[in-house]
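Given the structure of chain A, go ahead and fit chains B, C and D onto it with the hints provided.
Chain by chain, the residues run as shown.
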Amino acid sequence: MKLVIDEGRCKGCNLCTMVCPYRIFQPGTILNRRGIVVPVLDRPERCTNCRLQKLHGRTLCGMCQMICPDQAVRWDEERLFERHRMAIEF
Amino acid sequence: MRHEVRFSGFGGQGIILAAVILGRGAVMYDGKYAVQTQVYGPEARGGASMSAVIIDDDPILYPKVTAPDIYVIMSQEGFEKYGVTAAPGAVMLIDSDLVHSRPGCRYIEVPATREAKDVLKREIVANIIMLGALVEATGVVTQGAIEKAVLDSVPKGTEALNTKALQHGGGLVRGRDKG
Amino acid sequence: MTFLEWFRADRLPHIYCTGCGNGTVINCTLSAVDELGWDPDRCVFISGIGCSSRAPGYIITDSLHTTHGRALAFATGVKMADPTLHVVVFTGDGDLAAIGGNHFIHACRRNIDLTVVCMNNQIYGMTGGQGSPTTPVGGISTTTPYGSAEPAFDLCALAVAAGANYVTRWTTYHVKELTKAVHAGLTHPGLSFIEVFVQCPTNYGRRNRFKQVSDQIEFLKTHSMIRQKAERIRGEGGQVKDGTIEIGEFVKRSRPAMGVVK
Amino acid sequence: MAVKLPKAGGTFIQMEDEIAGIAAVIGASWTGMRAMTATSGPGFSLMMENIGFAIMTETPCVIVNIQRGGPSTGQPTMAAQGDMLQCRFGSHGDYSIIALSPASVQEMYDLTAKAFDLADRFRVPVFLMADEIIGHMRERIEIPDAVPHGERRAADRGVLPFAAGPDDIPGFTTFGKGYRVHVTGLTHDERGYPATTSPKIHEDLVMRLVRKVEDRRHEIADYEVVNPDAEVIFVTYGAPARSVSQVLHDDADPRIGHLRLRLVWPFPDSAIRSFPDAKVFLVPELNLGQIAREIERHTTVEVRSLPKIGGDLHTPRELAEASGRCIAP
Numbered sequence: 230m231k232l233v234i235d236e237g238r239c240k241g242c243n244l245c246t247m248v249c250p251y252r253i254f255q256p257g258t259i260l261n262r263r264g265i266v267v268p269v270l271d272r273p274e275r276c277t278n279c280r281l282q283k284l285h286g287r288t289l290c291g292m293c294q295m296i297c298p299d300q301a302v303r304w305d306e307e308r309l310f311e312r313h314r315m316a317i318e319f
Numbered sequence: 646m647r648h649e650v651r652f653s654g655f656g657g658q659g660i661i662l663a664a665v666i667l668g669r670g671a672v673m674y675d676g677k678y679a680v681q682t683q684v685y686g687p688e689a690r691g692g693a694s695m696s697a698v699i700i701d702d703d704p705i706l707y708p709k710v711t712a713p714d715i716y717v718i719m720s721q722e723g724f725e726k727y728g729v730t731a732a733p734g735a736v737m738l739i740d741s742d743l744v745h746s747r748p749g750c751r752y753i754e755v756p757a758t759r760e761a762k763d764v765l766k767r768e769i770v771a772n773i774i775m776l777g778a779l780v781e782a783t784g785v786v787t788q789g790a791i792e793k794a795v796l797d798s799v800p801k802g803t804e805a806l807n808t809k810a811l812q813h814g815g816g817l818v819r820g821r822d823k824g
Numbered sequence: 179m180t181f182l183e184w185f186r187a188d189r190l191p192h193i194y195c196t197g198c199g200n201g202t203v204i205n206c207t208l209s210a211v212d213e214l215g216w217d218p219d220r221c222v223f224i225s226g227i228g229c230s231s232r233a234p235g236y237i238i239t240d241s242l243h244t245t246h247g248r249a250l251a252f253a254t255g256v257k258m259a260d261p262t263l264h265v266v267v268f269t270g271d272g273d274l275a276a277i278g279g280n281h282f283i284h285a286c287r288r289n290i291d292l293t294v295v296c297m298n299n300q301i302y303g304m305t306g307g308q309g310s311p312t313t314p315v316g317g318i319s320t321t322t323p324y325g326s327a328e329p330a331f332d333l334c335a336l337a338v339a340a341g342a343n344y345v346t347r348w349t350t351y352h353v354k355e356l357t358k359a360v361h362a363g364l365t366h367p368g369l370s371f372i373e374v375f376v377q378c379p380t381n382y383g384r385r386n387r388f389k390q391v392s393d394q395i396e397f398l399k400t401h402s403m404i405r406q407k408a409e410r411i412r413g414e415g416g417q418v419k420d421g422t423i424e425i426g427e428f429v430k431r432s433r434p435a436m437g438v439v440k
Numbered sequence: 118m119a120v121k122l123p124k125a126g127g128t129f130i131q132m133e134d135e136i137a138g139i140a141a142v143i144g145a146s147w148t149g150m151r152a153m154t155a156t157s158g159p160g161f162s163l164m165m166e167n168i169g170f171a172i173m174t175e176t177p178c179v180i181v182n183i184q185r186g187g188p189s190t191g192q193p194t195m196a197a198q199g200d201m202l203q204c205r206f207g208s209h210g211d212y213s214i215i216a217l218s219p220a221s222v223q224e225m226y227d228l229t230a231k232a233f234d235l236a237d238r239f240r241v242p243v244f245l246m247a248d249e250i251i252g253h254m255r256e257r258i259e260i261p262d263a264v265p266h267g268e269r270r271a272a273d274r275g276v277l278p279f280a281a282g283p284d285d286i287p288g289f290t291t292f293g294k295g296y297r298v299h300v301t302g303l304t305h306d307e308r309g310y311p312a313t314t315s316p317k318i319h320e321d322l323v324m325r326l327v328r329k330v331e332d333r334r335h336e337i338a339d340y341e342v343v344n345p346d347a348e349v350i351f352v353t354y355g356a357p358a359r360s361v362s363q364v365l366h367d368d369a370d371p372r373i374g375h376l377r378l379r380l381v382w383p384f385p386d387s388a389i390r391s392f393p394d395a396k397v398f399l400v401p402e403l404n405l406g407q408i409a410r411e412i413e414r415h416t417t418v419e420v421r422s423l424p425k426i427g428g429d430l431h432t433p434r435e436l437a438e439a440s441g442r443c444i445a446p
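Residue numbers (our numbering), protein chains in the order written: chain A, 230 to 319; chain B, 646 to 824; chain C, 179 to 440; chain D, 118 to 446.
No wet-lab data here; the hints were simulated from the structure. We put the beta carbon where it would ideally sit given N, CA and C, even for glycine. Careful: at least some of the hints might be erroneous.
[Unchecked claim] Residues from chain B shown here face chain D by an in silico Cβ test under 7 Å; the list is partial:
no., residue
1, 672
2, 676
3, 678
4, 680
5, 681
6, 682
7, 706
8, 709
9, 750
If we strip away everything but chain A, and leave its shape as in the complex, we get (with noise of 0.2 Å):
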């Protein structure tokens, strides 16, 4: 699972900063294209729901997604062994 920020949805209101145990939610810098600050996900893949849902058969913590109010917050299904696009430096 992979844990996304809607930018078409969030407001940039922080909130998600507050709840995380984490602390993957990070206030934000860079305006994006609607004007709005969006949290920056820091290293997400260390939130519990992205790893142990798929064991638990429900959605685990939870808590950013339920304070969201823009309903911005989700976890996007990932397919196995996904590709990662590189670009190497040389």
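Frame of chain A, contents of chains B, C and D only:
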């Protein structure tokens, strides 16, 4: 033949119910047309109460009473407010103990409230006694019609009492000259 | 389904300001509905007027957005005409306690089988921040620029006194507890009243020394106290600080209720 | 109704006030039920906001107003027809409604059934504007074994809930049937979603709300014409119709005609043209000339208002004298 009947008394005597029963008898059992209207103030009990029934063989157009030919008066205040203007050709049934004045037209004294109290032991049926007297004296609806209409309208368990009251009312005026 | 699927995705993002707690309350309510596995086709969300009352418009079920203060009266009609529908009312403090105060106490008295979620932001948010019946003494609003002088309504106490079967209060900080409370309210027969203290950063926070949204959430966190604890302190002769938000369950009982499917 | 409705399988609720009463009626209507409420005078004023809501959300419902003397609490037990313009224009904004006016107990029965059918067909509040005389009167009526009972046209699946076809009336999206409709009193688009800042959407919506009723005013017009060749014509609705009928019955003068409206709004202006030889319209009303003013808008012939307030009905003699004054000797 159009008859206009006006009932008046004080609220709580069953003035409106008496008019409803009379109208129901005419419509449901004599096959005539009837309209019942009423004037009442905001108070549910006490105060002068008036209701009226128009009975006609043809459909009734103007629904308000203009010149009643029959009056039933059950209180002095009711007489002063609604009975005093009775036309000379009208006939008036008067509760003789409760109304002190007497009209210029022909009138019949019916001690309905006293009889209800003394003979039937229930003051509440005074209006039914009046109805019995009214039908006997004027024949505005048939005897059979008023009997059935009374039975339709009174609470369950009081049918015998009310039938008796109706007949008693008729007996009070029987033998006197008819209107 | 997850609760996110209960939203009309084509309507998001919603009109609420940045940091407004209403969205959180909708999340919690829909989570509870989703946990129950209810059929969206058999649920009706009803609201009056105000920020809170825009909520049903973002939910995929049948929804009725009515006139100011009258949501409960509309809901009574829906529920009595078809008691098999699940009826949830979203309302705000101004909507419920001011113009709709009479409908509120009568719905509680009838104890009609509705779940009422009140988003109490202590102000009229949508119309520009006027003082509401729940603005606390000293609270600054556009109509109480020197601090509100009027005592505020305790909506839960009012609901209990008027006869609601289930009454509880939480805040937007307590999302898990709130979800459980809505769950309990939805399943409990009779009127369930769930009051939620929500932050209104735009019209309340800004005027009442909460610089950030987080400051107001911090306030809700630190100034709320479980009711039972507050009562214990009082029972021991102690003092509960003024302005403490007493949270938790106020009543859960089984008075005869209307509109319950037998 | 409290006695009879539960026995007939219905639900009766005594709400806390008239505002809640009309609100509950609208709520009930959205579950697909037929719903009505009844009031008099001040209660009608209280209902006005939610009547507007019913119009905007196209909710079928029936509201009975037994008119009394006003303004304010006025004469609680006396007759009047002073709310005829209020029912048409009382809620804010532009709209159109349907109002019926019974002149007998029989019509009270018949028009109530008709009101429900019109409400369902047009998706609009329908008013039964009676007066205290008709409301408190008892008279002979015949109750048929069954009344014609139209059905609300259900919305087609896949069509947007507030998208109307050529007849301007959208199909009904009953709650609980999977339409997942959002109903709001705000200006809304065809999906039912609020769209409050678009002049185009607002204009389209309000024009349709008006058009769906006004364009069919001739089709639904319900009136009675007596002596179409007459020169002096009484126009009535409600109780004063009885007095005029008495006048015509007592003196069958072919020069005097009678237009009796059973449906007052949308105003059936074609009815006025039923009297090509008209020289004067006399309008006896239990108000200060509310519908007389409407008639004036539709004719070049003289319109004379015969107002009467205070609670009494025009007597046949008063009206006979009024018409006598208009007839050349």
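Hint status (Cβ of residue 706(B) to nearest Cβ of chain D, threshold 7 Å)
This hint holds: residue 706(B) lies near chain D, its Cβ roughly 4 Å from the closest one there, short of 7 Å.
Restraint satisfaction for residue 676(B) [CB to CB of chain D, less than 7 Å]
Hint violated; residue 676(B) Cβ to chain D Cβ min 9 Å, cut 7 Å.
Interface restraint verdict for residue 681(B) against chain D (beta-carbon cut-off 7 Å)
holds, 4 Å
Taking the least C-beta to C-beta distance, is residue 680(B) closer than 7 Å to chain D?
Since chain D brings a Cβ to about 4 Å from residue 680(B), closer than 7 Å, the hint holds.
Report holds or violated for the interface hint on residue 682(B), using the least CB-CB distance to chain D and a cut-off of 7 Å.
holds, 5 Å
Min Cβ distance, residue 672(B) to chain D: is it shorter than 7 Å?
holds, 4 Å
Would the stated hint for residue 709(B) survive a check requiring a Cβ distance to chain D of less than 7 Å?
The hint holds - residue 709(B) has a Cβ within 7 Å of chain D, the shortest such distance being about 6 Å.
Can you verify the interface hint for residue 750(B): is its Cβ closer than 7 Å to any Cβ in chain D?
violated, 22 Å
With chain D as the partner, please determine if residue 678(B) meets the hint condition of a C-beta pair closer than 7 Å.
Result: holds, 5 Å to nearest chain D Cβ.
Checked against the numbered hints listed earlier, the structure breaks hints 2 and 9; every other hint is satisfied.
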